[in-house]
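Could you slot chain F onto chain L? The hints should help.
Single-letter residue listing:
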Amino acid sequence: MALYTLRRLLNAIPILIGITIISFAIIHMAPGSPLSQFTEDPTIKQVDKDNMIKAYGLDKPLYVQYWDWVSGLVRGDLGVSLLKNQPVADLILERLPNTLLLTVTSFLLSLLIAIPLGILCAVRAHSRLDQIVSGFTFVGISIPGFWLGLMLIILFAVKLGWLPSGGLQTVNADFSLIDRIKHLTLPVLTMAAGEVAIWIRYVRSSMLEVINQDYMRTAKAKGLPGNSILFRHGFRNALIPLATLFGLALPGFFAGAAILEQVYSIPGMGRLFIEGAFQRDYPVLFAIVTVGAFLTVLGSILADVAYAALDPRVNLSKQEVRG
Amino acid sequence: MPEAILEVKSLRTVFKDKHKELTVVDGIDFEIGPNEVVALVGESGCGKSMTSLSIMQLLPRSAEIAEGEVRYRGRNLVGMKNKEMAKLRGRHISMIFQEPMTSLNPVLTIGMQLTESIIRHLGVSKVEADTRADEWLKRVGFPEPARIRREFPHRLSGGMRQRVMLAMAMSCRPDLLIADEPTTALDVTIQAQVLDLIRELLKESDMSVLFITHDLGVVAEMATRVIVMYAGQIVETTDVRSLFQKPMHPYTKGLLNSTPRMKGDIEKLIPIAGSVPPAGMYPPGCRFADRCPLAEAVCRAEAPQLREVVPGHRVRCHLA
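Here the protein sequences come in this chain order: L and F.
Each residue of the first sequence is one higher than the one before, starting from 2 at the first, in the working numbering.
Each residue of the second sequence is one higher than the one before, starting from 793 at the first, in the working numbering.
Worth flagging that the hints you see were computed from the coordinates, not collected in a lab.
None of the values given here were measured: they were computed from a predicted structure.
Heads up, the beta-carbon is just placed ideally off N, CA and C, and yes, glycines get one too.
A hint or two may mislead.
[Claimed, not checked] A few chain F residues that face chain L, going by a derived Cβ cut-off under 10 Å, partial list only:
#1 M848
#2 N874
#3 G882
#4 M887
#5 M893
#6 S895
#7 H913
#8 S917
#9 I970
[To be verified] For each label pair, taking beta carbons as the anchor points, the in silico distance ranges come out as:
#10 L:F137 to F:S1067: 45 to 51 Å
#11 L:P313 to F:R991: 32 to 38 Å
#12 L:I142 to F:P826: 33 to 39 Å
Extracted from the complex, chain L is given alone in its bound form (with noise of 0.2 Å):
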């Protein structure tokens, strides 16, 4: 097992390179470059305007700004940004708790409803419960995120005033936990919704598979509890084609909530990529890109990895090592 994570781990380097080259590429193909915002600024001379392309290097030619990024990469440098004047490390770190606190909250939420009702729905499948939670999942999954949210807001925060429309804390008061909750509430159910109507679904036709299977009609001759067939001998089961969905969930985690955090003014990982991208930040896009292209190819890892260790039958020894 250690030695096949650590293959695929080597095996994820080359596509790594690969996404860096032709993001980096695209972006620069992009109209537009970071001064554009002074072509049209009287103000600025043509010899400031050159000195500034100098500065940022974006003078030399395309490769060699390739290499300098990547090898500043490598030392951990992700460079500064160009309008913020602050290194990209800093601005991510600063973002990224905020980007979690709201993905993740949303995504463990939205689990933790979505598995028991998706069982539910698979033991009573083409019940009449089942009719209505799918009918729920399909409106669920329908509804577009920003819609939902620009409607919370009217209705929590503007017409009943319970909630606050946007942001993390009040403004200008200290960190308490009640306040961050307040502020969480509107977003992490908005996002939770979208994820917790196409989790049911995917729990539901998994543990569907499984629960007619023999073995769990031997669990029941045994004389388990109900509880003890459905979650030990059927859901442990059901879990397998479920891993493989959670890694791809994982880079959703960072980038995720890009438009939500501009409809609840978030200071998280999507907007700073919005701002970056509409004023072509290149070391900002390029640092987000990366880490969102490292986060895919670690979430399809760690998604084999653990089918494998959920699936006894598959040995790892002598299966094909794919990218």
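Only chain F this time, still in chain L's reference frame:
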């Protein structure tokens, strides 16, 4: 006769959907006494397995018991609360199934699957349960039980898995074992091994067995009494000796004629023409009439009743 372990009284099991009901077990009565091995015989689709699942209250969701009683030591299991039933299952009534390859949980170790019911039913510690599991694994022919306990099912062959299933079923020393075609999916040599094992276990305990099979060879080896089913009904029931020597129902005779035997001259195997009519399509008279070489007008007109022709020998046939 001592008190029966299991009494099945006018059991009727149906498959049900919104529109219709299909009777697959149609008014079955039988008893199993202490230490008795009763074989339930018939072709595929005659309702054998549905009978056994009805007894265990393990019917699929689409099926239900429409009428009748299943009494275990006098207690009616039909309509019993699931919690109560769970206390009987695996403890007093155990079951082994036809498909050893899929009947064990692929992600749990053999030891886990063996000990969980021991711990549950006998209330012993994990360590004690492991010891007992080892004893049973040894009993079913694993010389290194501690190693087998740590294995996952996919590492065992079909015969090994069925032996594990048997150890699991026996581990709480039940009164009644329901064996639903336990050897059908196995190679012939492995079949003999598993049958020998069941017989040995029977000798040592006073367990009763309901042995479901379509193999008359297995019946001759294992059973004390035989119930022959056809199209959801019992057509003949008697002790194993008279069944082989003086079968009375034409269907039983047909079954015997289509089974190869070692004794005597080289016999022709005579298959029974046609196949079991599907549930819901039964003819109005005798359900076997269309395939019966002896059928007369009365057979097609009137459904025969199960009647005692000779003491202890009941037959559902106008002509017997």
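Each hint tested on the structure:
1. M848: holds (6 Å)
2. N874: holds (7 Å)
3. G882: This hint holds: G882 of chain F lies near chain L, its Cβ roughly 3 Å from the closest one there, short of 10 Å.
4. M887: Given a least distance of 5 Å, the restraint on M887 of chain F holds.
5. M893: holds (9 Å)
6. S895: holds (5 Å)
7. H913: Holds: closest Cβ of chain L sits about 6 Å from H913 of chain F, inside 10 Å.
8. S917: violated (18 Å)
9. I970: Check passed: Cβ of I970 of chain F comes within 9 Å of chain L, closer than 10 Å.
10. L:F137 to F:S1067: 45 to 51 Å: holds (47 Å)
11. L:P313 to F:R991: 32 to 38 Å: Cβ of P313 of chain L to Cβ of R991 of chain F: about 33 Å, so the range 32 to 38 Å holds.
12. L:I142 to F:P826: 33 to 39 Å: Cβ of I142 of chain L to Cβ of P826 of chain F: about 59 Å, so the range 33 to 39 Å is violated.
Comparing the model with each earlier hint shows violations of hints 8 and 12; every other hint is respected.
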